[in-house]
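Quick note, the sequences are listed as chains A and B, same order.
Take the first sequence: its letter number 54 is residue 54 in our numbering, and every next letter is one higher.
Take the second sequence: its letter number 94 is residue 275 in our numbering, and every next letter is one higher.
No lab work stands behind these hints: they were computed from the structure.
Heads up, none of these hints are tricks.
List of simulated lysine to any residue pairs, SDA-like, C-alpha gap at most 25 Å:
#1 Lys-348(B) to Val-91(A)
#2 Lys-290(B) to Asn-84(A)
#3 Lys-348(B) to Pro-92(A)
#4 Lys-348(B) to Ser-88(A)
#5 Lys-348(B) to Thr-87(A)
#6 Lys-348(B) to Arg-94(A)
#7 Lys-348(B) to Asn-84(A)
Since the model is a prediction, treat every value here as computed from it, not as a measurement.
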Amino acid sequence: MSVEPRWASGVCEGLHAAGSRHVVYVPDNPLSHVLRILRESFPDVTTTLATREEEAFGIAAGLYLGGARPTVMLQSSGLGNSLNALTSLLVPYRIPMLIVISMRGDAGEWNDAQVPMGRAVRPICDAIGLPHVTVDTPDTTADTVRLVGQTAFGTRLPGVCLLPRRLTACPPKPRRRRVPS
Amino acid sequence: MNRLDATRLLVAAVDAEPIVASLGHPAYDLFAAGDRPANFYTWGSMGLASSIGLGLALARPELRVFVVDGDGSLLMNLGSLATIGWTRPPNLVLIVWDNEAYATTGGQKTATAHGADLEAAARAMGATATATVATEEAFGAAIARARVEPGPWVIVAKVAESAPAVKPPLDCVFIKQRFMAAIGQAEDATRGGRA
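In isolation and in its complexed conformation, chain A is listed as follows (with noise of 0.2 Å):
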């Protein structure tokens, strides 16, 4: 598949490949690419919008008690919205799922309101005992994806994949334009 850009059409790869077939989002602007392939081209997975990150974890946390493998999609910013679904509900429950963090305030970044958020989400995400992964390049994308969404289906443990503004902001996204969806 060579649909642009090619970090996005391997994050819809790799969640594929990892067996999530339904993803709840709050959106921003790189994963709207992600959102868009997958409407375009994944027609077996199901997209919900929540309405809060917390909210997110929640309704994926319900997802896996029926019997699906859900991702989670949010900006790093949305992380702190989440700390307690994360903290008193999916790790003490061992309740796993694929999340999927577009970086803000990493190299790049151009808003300070998003640097000290972005700064914290490693450190937090250790500190909570959530496994983490940075994606280096596009190319590498689909397998680093399918790889944590495996990792953490098979150990039952939430497993985080990390998309840098290095590469989600590079190439610039195409003019946005004024049609009707």
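Assemble chain B onto chain A, guided by the hints.
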């Protein structure tokens, strides 16, 4: 109607359907009313019981999924009503024990004590099968309908506090594994198999 009596009525009315309980007193009363493998007791994640129920209802459309939430908990995750309102799982039944207080933490008044109307909020967000009940008769009738008629149902039950004296099992992984097995979804890792 107090919450424990209403919970007993619910447990007696359901068959094998899963019940997801919000942390604290709703979970304690569900355990007191009748411990069963298809009870999912939360020990944290305040506010997320309705979200967990929504995800379960979406994954298992053939199951009628019950949630026992609290007014304080639902107020902490009101966005859940919006998501339930547009995804409209017909098999979700959200019961809100509304005692107008944070009873688990000492009885501080919630917004519903000052007029906030959670049934009206659910309707405003798109749920059409809703009720507010204050007696065991009315609650029993609402549950009987919610078991068979399409939802999503949001039933606000005005209840008195019931001071539960027992607690559900503490082991979260045990609760999860027992629950998943009860709804026919046992985790692979609990089963063993070919080498």
